[in-house]
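Undergrad: As a plain string of letters, each chain reads:
2 protein chains.
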Amino acid sequence: MGLVNLLFGRPLASSEDQGQRITPTQGVPTFGLDALSSAAYGPEAALTILLFLGLAGVRYVVPLTGAVIILLLIVYFSYRQTIAAYPSGGGSYTVAKENLGPGAGLLAAAALMIDYLLNVAVGISAGIGALVSAVPSLQKHTLLLCLVVLAILSIVNLRGVREAGSAFLAPTYLFVGTLGVVILIGLFRVIMTGGHPHALVPPPPPPAATEAVGLWLLLRAFASGCTALTGVEAVSNGVQAFREPVIPAAHKTLSTIVLILTGLLAGIAALVYYYGIAATDPGQPGYQSVLSMVTAAVAGKGVLYGLTMFSVLLVLCLSANTSFADFPRLCRAVAIDNYLPHSLTARGRRLVYSQGIWVLTILAAILLIVFGGVTDRLIPLFAVGAFLAFTLSQAGMVAHWWRNHGSAHHILINGIGAVATGITVLVIASAKFTEGAWVVVLLIPAVILLMTRVHRHYELVAREIEAKGRPIPRSNLPPIVIVPIESWNAVTEKTLRFAMTLSGEVQGVHIACDEDDSITAEWQSVVAGPAQEAGFPVPRLITLHSPYRMVLQPVVDYVLKVEKENRHRVVAVAIATMMERHWYHYFLHNQRGEALTAMLLLRGDRRINIINVPWYLLA
Amino acid sequence: MGLVNLLFGRPLASSEDQGQRITPTQGVPTFGLDALSSAAYGPEAALTILLFLGLAGVRYVVPLTGAVIILLLIVYFSYRQTIAAYPSGGGSYTVAKENLGPGAGLLAAAALMIDYLLNVAVGISAGIGALVSAVPSLQKHTLLLCLVVLAILSIVNLRGVREAGSAFLAPTYLFVGTLGVVILIGLFRVIMTGGHPHALVPPPPPPAATEAVGLWLLLRAFASGCTALTGVEAVSNGVQAFREPVIPAAHKTLSTIVLILTGLLAGIAALVYYYGIAATDPGQPGYQSVLSMVTAAVAGKGVLYGLTMFSVLLVLCLSANTSFADFPRLCRAVAIDNYLPHSLTARGRRLVYSQGIWVLTILAAILLIVFGGVTDRLIPLFAVGAFLAFTLSQAGMVAHWWRNHGSAHHILINGIGAVATGITVLVIASAKFTEGAWVVVLLIPAVILLMTRVHRHYELVAREIEAKGRPIPRSNLPPIVIVPIESWNAVTEKTLRFAMTLSGEVQGVHIACDEDDSITAEWQSVVAGPAQEAGFPVPRLITLHSPYRMVLQPVVDYVLKVEKENRHRVVAVAIATMMERHWYHYFLHNQRGEALTAMLLLRGDRRINIINVPWYLLA
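Chains A and B supply the protein sequences, listed in that same order.
Using this note's numbering, you'd call the opening residue of the first sequence number 20 and step up by one each time.
Using this note's numbering, you'd call the opening residue of the second sequence number 20 and step up by one each time.
Next comes chain A alone, as it looks inside the complex:
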């Protein structure tokens, strides 16, 4: 247990729950890393689409970012309301299920699960991608590095939600701090130069325009920019992770995240506009990220540049943490409703839903391994799930206010949110359909199907094992106890002795492979004779010949025969089980006790029970 304690921390009692809850300060890294890190790739994604417009594209950055920020604020106000209405954790699943029905709930759940999983793989691989492009000698270790980051994230999260919040506090605020300083310096220069700042490191000139401005292109740029919003729903899912009173704490966390994100998005957009920075083609050799160009233009390639770039790649790696905080909670909510395995509802030693963390880790590791740690091709799949969940959650809230006679103000906010995110889903899905979003469109129904099958099974089982409530003590006959005997020894004697305390009807079954293999003499002198003398019921010895030298099959057949012949009786098979002291003694003893137990359980019936009488070898 030493290593386990060191790695995962000492077990926490259920009563320590309150002490494990987090403050808003810890809430920002816990739930906000996904949203905040998107400041690093949201503007970049939009600008990459605008690349086709050449220099003219840069002009559209400001209105596009404005639209994204407006959508962000709509979503923000909607989720504030959701948090207040569902203080016990109003994830999209819960809200959609309770207000729009189980189908909508499952749709939201499936969409979010896929989104969270992709977030882990893409976030880690983006961070490591930035690292290896800065230090090319690490290129060949890409996958290993990705898996190391995944392992760190998963261990920290298995240590508990508070540990994760504390551990990732520093990188989060380093990221916000350095980027904030860059933006402030930049804006100061913009103002001082009357809107014509001089770039310390001039960005590469924008390419020639290859497309004219059109609605479709702008919509696609908008859809790409919207990836900046993923992760905003995270807080509403994890309200119960906060210290009491939970609602103000959750509100404060969400407000902080959205405020910072808005500031970063607006600041970056302004600098891009005034410094005239166009994206570079990610597939081409001269590629440089937008944030790198902005920082270099404002601050040159000095210490601040290095620190900012380092914090960006750190935060990209850690953006997966939001998934680790929310995915297990989502799975738990779904599993409580019997749509996923019940083990996902159990809290582990550190009061987190450990099973969900393991599942997420394993699935993400598989994704990373399959894609060799380079998940660029997964990026288009992203955001569809998140926005689908947004839409269902907002629509659910509209229904919620309607049913509970909420104010028109409430309905309006959530309604605008639903419409805006709904349109965004359509734009994203159609803009990115051929690039890979179709995979998500196929995956979601598959996940829903799986969940409904799980649900059906649990319902059938629940009906099957429903308590009958009939009084148990009745004058039931004791079972017929069958004792398979391989050879006569102290183990046999012990097993028989125990069997005879359980029932007056004991049968010894001996399998004889050879003609002269018999234990009749021992049986008579040790069992049957003394029983007769003492006036006890006399146990029977059955000897079965096995011409094909099978030892277990005849026993199983005999037990089934006895069970069939005694329709109103219960049968118990008492099996002597040798327990070796050392694992390397395994090959020295036949494992017939275990094998017979397994065969009887597999081929057996409800009226056959199995008694293991262990013999602990001293040798």
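By construction, these hints were calculated from the structure, which means they are not laboratory data.
Nothing here was measured: the structure is a model prediction, and the numbers come from that model.
Treat the hints with care, as some may be off.
The list cannot tell twin chains apart, which means a pair is met if one copy fits it or any two copies do.
Once the Cα atoms are required to be at most 25 Å apart in a straight line, the calculated BS3-like pairs of lysine-lysine come out as [to be verified]:
id: 1; residue 1: Lys583; residue 2: Lys513
id: 2; residue 1: Lys583; residue 2: Lys320
id: 3; residue 1: Lys487; residue 2: Lys513
id: 4; residue 1: Lys583; residue 2: Lys271
Using the hints provided, position chain B relative to the given structure of chain A.
TA: Frame of chain A; chain B shown alone:
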């Protein structure tokens, strides 16, 4: 079972044993392939050493082969006597053990086991080596081809000893036939030309001499030539595989093998001498095997040449069959004496000792894989084991005759055998020590150590589980039955109902992870209340709180506590076990029944028994 029957044949009843036994005709391929195939490499091995003498070396072929044949005949007569004296299977192990003591027996067994294992790897790899040097495009599949041959040999042998004898009949007689024809033609030409035959394909000229003739070189050549004798002991080990009367059948088989081998060795030596054929260096490009040169010189490179070469490589591949016939018998003899796992003594579905075949297959596969199918480096290890076993077996026979007042004639034959093979062991071991024979010298004590450890364990166990013979029926109290209850349902009710038929003392143990988790009401209405009314002993409900949410550990602790507090009672834990109908439902139900069983068996004690009450899910 369809595939299993197709692959391994229908199960054979023990009573079918006689029908499965073999005739001398089948005995030659079964036990003789190792010995006969050595006609292909024994002379070659000797000639390769004589290479250093240049043309002069060829002159020494005849006296050297003569010496080898004399040794062969000594060994032959010795083993004839052994067969007659030990008709139940007088392998070197048995003879050495019974006459020289267990230590000598184990030494012989260890040496032979290593020899048999090497024979499989080296034989297959030599055959496939000949194949790929004839068809170079197969070179890259060397390992795969080796493993395929190994699989075929192991399947055929698992089908029974008679099947193996019949299957390998044709290749054996093809080999003897083609090589016999070549020798006869060659000798005819030698006689017709007055000792100066004309080679149809002249052999390459011998290289210049690099060493002078010396005793050490001749001894080394003799030691190499002696590899032709390995496998001669095989028949004596497997006397019981023959039809009754076994002794004449075994004698006839051994005589046939030795007669053929003598003829082949003498014939090849004569042709080598008269055609003036020197070996070519196996490491060099122009390498050609001695048999290939002899055949080409006598018969040209026509159909007969192709057929002969084909039969040689076939027989090399199949020479491993001798090991498959003998290794399992040897292991069985050793296991009966408790020096190896008892499972090696069990006869499988086809009346062969299947476990030994599996062990040999797995070990040989590992050797082949480790060496990539090219086992040249293992060849020097070879023959040490075989000759060591020869020597011990002969020496054992001397002691046998001495003790049983055998005739001087008997003692003399076995005595000469012992001395001759003993000297050969020393020559081989010292000549090949640095080439790798030291590995065998280290391996043999390691194997012996392992066998004595196994023996010690079995002795301790036998003493431990020795039957006490005390009368079993006594007025023992029934056990205290503990029923762990996770939640109240029909499964719980069934388990409790069964427990209450076994004993008046039943305790329900409920683990409560939450404050409000209680089953007191159900217990009172379904169990305790009705029991009180009916005047039955009232079972107790124990509720244990688990602040750390562990479910199984508190149950185990409680059971151990009850066991400790009731020194003279036996405890039984009745565990409800959910049996899923489909494997893919595994994740949907906790496996706590199985886990608790395992934990109790591992941490439990002699007075704790485990009762599995299975519930077969219909869903």
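Undergrad: Regarding Lys583 and Lys320, is the shortest C-alpha distance of 25 Å or less found within a copy, between copies, in both, or in neither?
TA: neither (85 Å within a copy, 73 Å between copies)
Undergrad: First find the shortest C-alpha distance between Lys583 and Lys271 inside one copy, then the shortest across copies, and answer within, between, both or neither for a cut-off of 25 Å.
TA: neither (68 Å within a copy, 56 Å between copies)
Undergrad: Using 25 Å as the alpha carbon limit, work out where Lys487 and Lys513 are close: within a copy, between copies, both or neither.
TA: This pair counts as between: shortest inter-copy Cα distance 10 Å, intra-copy 37 Å.
Undergrad: Tell me, please, which holds for Lys583 and Lys513 at an alpha-carbon limit of 25 Å: within, between, both or neither?
TA: Intra 28 Å, inter 19 Å, cutoff 25 Å: inter-copy only.
Comparing the model with each earlier hint shows violations of hints 2 and 4; every other hint is respected.
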